[in-house]
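Asks: Chains as they are written, first to last, in the numbering used here: chain U, 1 to 307; chain W, 308 to 873.
Warning: the hint list may mix true and false statements.
[What the hints assert, rightly or not] Dumping the calculated SDA-like pairs for lysine to any residue here, alpha-carbon to alpha-carbon at most 20 Å: (1) U:LYS272 - W:LEU826; (2) W:LYS832 - U:GLY77; (3) U:LYS156 - W:ASP610; (4) U:LYS272 - W:THR815; (5) U:LYS283 - U:GLY220; (6) W:LYS424 - U:VAL50; (7) U:LYS165 - W:GLY842; (8) W:LYS832 - U:ASN246; (9) W:LYS846 - U:THR255; (10) U:LYS305 - U:PHE290; (11) W:LYS633 - U:ILE145; (12) U:LYS165 - W:LEU840.
Hints in this document: simulated from the structure, not taken from any laboratory.
Chain by chain, the residues:
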Amino acid sequence: MKTAPVPGKSPGRRNRALPLYVMVAPAVIIVGLFSYGAMAGIGIAFQKFVPTNGLFGSQWIGFSNFRTLFSLPSIWGVIRNTIVISLSKMIGGIIVPVIFSLLLNEISNKYLKRTLQTMVYLPNFMSWVILAGIFVDILSPSTGIVGRIISSFGVKPPFFLGDPKLFPATMVVTDIWKSFGFGSVVYLAALTGIDPALYESAMMDGASRWKQTLYITLPGIASTVILMTVLSMANVLNGGFDQIFNLYSPSVYPTGDILDTLVYRLGIQQAKYAISTAAGLFKSAVSFVFIVASYWLADRVAGYKIF
Amino acid sequence: MKKAVAFFLAILSACSLVACSKSESPAAPAAPTAGTAQQAAPQESAGGNVLDENGRIVKFDPPIDMTWAVTTSAVMQFKNGDTYDNNIWSRKYLEDHGINLKVAFTADGTSGAYNDKLNMQLASGDLPDIVHSYQYDLFKNAYNAGYVKDITDTYAQYASDYLLECQQKYPGSFDYVSFDGRLHGISFFNDNRAGGTLLWIRDDWLENLGLSAPKTIDELYDLAYAFTFNDPDGNGVADTFGLGINKDLITDYTTIYGLLSGFGVPAEGDGTYFRGADGKMTNAYLQPGVADALGFLNKLYVDGILDPEFTVKDANVMQEDIASGKIGMAFGRQWGTWLPWNLVLEADGVTVHSYPVPVATGYERKVGIGNDAGGEIFFLNSKFKNPEAFVLLCNTFSSVYNMYMTPEVSSIYADDEQYRFSPVVLTEPQEPLWQPVLAEAFRSGNSTDLPARLLNHYTKVSGFESGEMRDSEAYGLWGQYALGASVDICLNVYAKEGNLVQNIIGATQPESQSEYRSLLEDLVKQSFTDVILTGDLSKVDSFRSSWLSIGGQQILDELDALYPAK
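Construct the complete structure from the given sequences, taking the supplied hints into account.
Replies: Structure representation (structure tokens):
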């Protein structure tokens with residue numbers, strides 16, 4: 001990333017920087033309070049936690065909570081589901097917005113472009129609680145619009161939300177539908193940052209539209225794509241709790257139950273905070289490994305450094 | 308689900324305020340004065356105390372001091388300059404019994420501050436004379452530390468006829484506060500007999516098809532079939548289903564509890580735990596009838612009688628389906644006319660009736676209900692010298708605060724949470740207590756003898772019956788209290804026929820249950836759904852063995868030790 005010009009070491013430097021420090025202070029305080037301060041709560045994962053006794057009054061039991069977590073009969077299936085669903089969402093969540101923004105970039109009508117962009121951006125603002133109600137309705141094989149269209153071709157409509165084979169794919173597709181508009185905004189911004197002179201000279205050299213995309217546009221937004229990929233790596237164990245929690249049912253547990261929903265049923269509903277914290281810590285540890293690995297990869301493969 | 312929870316809370320809070328009196332003698336409304344028996348012939352005794360003809364103390368003279376702790380709440384009001392130390396109840400107790408109440412401390416009940424404070428007082432060995440505990444654990448800890456007075460003999464000697472009768476009526480609630488058969492306090496009275504599941508059916512669908520409510524599972528199948536394929540709503544479109552069940556099968560309403568009951572499975576929540584006929588601890592979902600019941604549901608599913616999409620519909624969606632007239636029959640508890648069937652009345656003006664759940668050939672009906680262990684506990688500090696005072700307070704409280712309380716008395720002693728000023732509060736569960744009294748009035752058509760608090764119910768129910776009242780309260784009460792309605796069935800069919808199976812888990816929960824409960828619930832839901840969809844009954848056996856192996860056996864063993872066979 002390009003660094004901002006470093007302010008000169010003039011005597012007035014401190015005075016000029018002061019407003020900046022004041023502006024950044026709230027963010028630092030919030031991060032300190034809620035990200036670093038709350039880290040003390042990690043201790044709960046190693047305790048037989050009793051809320052009335054608090055963090056300091058509860059008994060320390062080492063890794064017992066983790067053992068309980070990993071001895072659950074369904075845990076490995078759940079971890080597999082989590083990884084399958086979140087990886088598919090990550091990959092789809094990069095490819096679809098990139099393609100969409102490339103296509104949108106080719107539209108010359110400014111108003112059409114704006115309208116489309118706004119329309120695909122809208123679902124991002126809807127909560128999964130609402131969308132779940134809508135999807136249950138439109139994906140219903142008997143009464144939903146999707147089911148009716150499919151059955152009008154004489155094909156038996158699939159039961160997207162009730163069939164364990166289709167459930168993960170349904171989750172991935174609906175999630176990408178919801179979020180690709182937001183993702184494409186970032187890429188569209190990156191596209192506008194490409195110097196038009198490059199296109200002009202490419203055209204003079206006789207490069208086709210396709211060649212221009214391949215040799216100018218894609219390299220131009222590559223760094224943004226890598227940045228987004230690296231950032232999304234942190235979510236490798238986030239299957240999307242609010243989406244799945246609102247759409248799943250016992251009949252799709254075998255393929256649809258993810259770490260978060262399991263922990264919710266097991267930990268939060270039964271007020272067993274220690275197990276929930278253990279699961280959260282496990283997720284964070286895995287994410288940390290993935291982030292470090294992806295930073296290293298980004299540097300190695302694309303010569304790109306975030307810090 | 309939120310609605311259901313809110314509704315349940317409303318019911319619970321209503322229950323907790325319920326009055327308490329002799330149900331068998333409705334003609335003897337107690338005046339708001341102290342236990343009449345004891346006051347019949349007061350005599351002066353040598354020590355100055357006022358005694359009755361049996362030599363029991365009626366009034367302490369000089370007055371004795373007694374400390375207690377107030378659970379405060381935001382709704383509580385001080386009327387006419389009352390204080391915690393001087394209020395309607397404290398004046399009454401001082402006047403009637405010479406008991407001078409002193410407040411040891413006050414703490415907010417809703418925020419948990421009261422419980423925390425009480426736990427602290429216990430830890431420092433400084434409990435008030437009368438302790439009001441919301442937690443069984445605190446009571447038990449206090450007992451183990453020797454702070455709880457044995458009141459068995461005092462209670463037997465001093466308790467009013469009414470309280471002695473309660474002891475007969477609610478043995479579970481008295482066991483709850485007893486150690487080794489000795490009474491160590493008193494708790495809210497509990498009676499879950501009205502907690503069973505019933506079958507609710509739309510009246511108009513039955514009428515349109517000229518059918519009647521099913522008594523056997525075969526008849527249930529026929530009716531469900533007709534509700535699905537014979538166009539019960541007469542709109543010419545096949546848009547109805549025979550039986551409504553939700554995706555979770557065993558939570559919220561529209562459950563399969565009732566169907567399982569018909570196959571001898573006392574299903575309820577995560578499964579009623581009880582001692583089977585062989586004396587061994589067992590769980591409802593391990594019963595042999597489960598396989599047949601699921602097989603039956605599979606048949607309904609295959610025949611298209613169940614909504615093929617039931618696996619994605621939770622109770623909220625079921626509520627919509629019921630309101631929009633897609634579902635005409637479902638299992639539910641006695642409050643069905645409050646929710647969800649009130650929606651049908653609102654939408655189409657259609658009423659429903661509840662029926663005993665149908666029984667399968669070769670099975671006996673078994674209905675699971677919660678344990679009758681009590682709620683909030685009141686006990687006496689072992690340091691206190693006059694245990695009679697504690698029982699006298701109980702007598703007087705229950706003689707004022709009961710079913711016969713008139714609106715005037717209620718406005719003085721109970722409303723605006725005035726009852727909180729009394730160190731002891733005793734309540735009876737409402738449905739099992741009120742239903743027989745109301746039923747008597749409906750049969751005779753005479754409401755003049757009815758306790759004041761039930762007059763409203765009488766007016767509403769009879770108003771709904773005659774068609775004068777159509778509001779939701781009238782409908783709700785009618786569905787519960789009319790003759791032959793849900794509470795009637797629970798008390799006079801289920802309880803009388805010995806169908807009820809009470810969960811053995813009362814005061815103390817096995818630790819393994821809180822550990823494995825959600826796992827086992829998941830397993831039940833998942834396996835049952837699987838069997839209903841596939842019809843593979845061999846999976847029931849593997850369900851049973853996994854249920855036992857992932858923690859169920861541990862719970863059963865722990866329960867075996869906690870609740871030994873008698």
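Asks: State for each hint whether it applies.
Replies: Quick rundown of the hints versus the structure:
1. The hinted pair formed by LYS272 of chain U and LEU826 of chain W meets the criterion: a straight-line CA distance of about 13 Å does not exceed 20 Å.
2. Proximity of LYS832 of chain W to GLY77 of chain U is assessed by CA-CA distance (about 17 Å); at most 20 Å being required, the pair is judged to hold.
3. The hinted pair formed by LYS156 of chain U and ASP610 of chain W meets the criterion: a straight-line CA distance of about 17 Å does not exceed 20 Å.
4. Restraint check: the Cα-Cα separation between LYS272 of chain U and THR815 of chain W comes to about 18 Å, which is no more than 20 Å; the hinted pair holds.
5. Among the hinted pairs, LYS283 of chain U with GLY220 of chain U is inconsistent with the structure: their alpha-carbon atoms are about 34 Å apart, more than 20 Å.
6. Distance check on the hinted pair: LYS424 of chain W and VAL50 of chain U sit about 17 Å apart at the alpha-carbon level, within 20 Å; holds.
7. A threshold of 20 Å between alpha carbons decides the hint, and for LYS165 of chain U with GLY842 of chain W the separation of about 19 Å falls inside it, so the pair holds.
8. Straight-line distance between C-alpha atoms of LYS832 of chain W and ASN246 of chain U comes to about 17 Å, which keeps the hinted pair within the 20 Å bound.
9. For the hint linking LYS846 of chain W to THR255 of chain U, the alpha-carbon distance of about 19 Å falls within 20 Å, and the restraint holds.
10. Taking the CA atoms of LYS305 of chain U and PHE290 of chain U, the gap is about 16 Å. The hint holds against a cut of 20 Å.
11. Distance restraint check for LYS633 of chain W and ILE145 of chain U: the Cα-Cα separation of roughly 19 Å lies within the 20 Å cut-off, and the hinted pair is therefore satisfied.
12. This hinted pair checks out: LYS165 of chain U and LEU840 of chain W have alpha carbons roughly 15 Å apart, not beyond 20 Å.
This entry does not satisfy hint 5, going by the numbered hints stated previously; all others are met.
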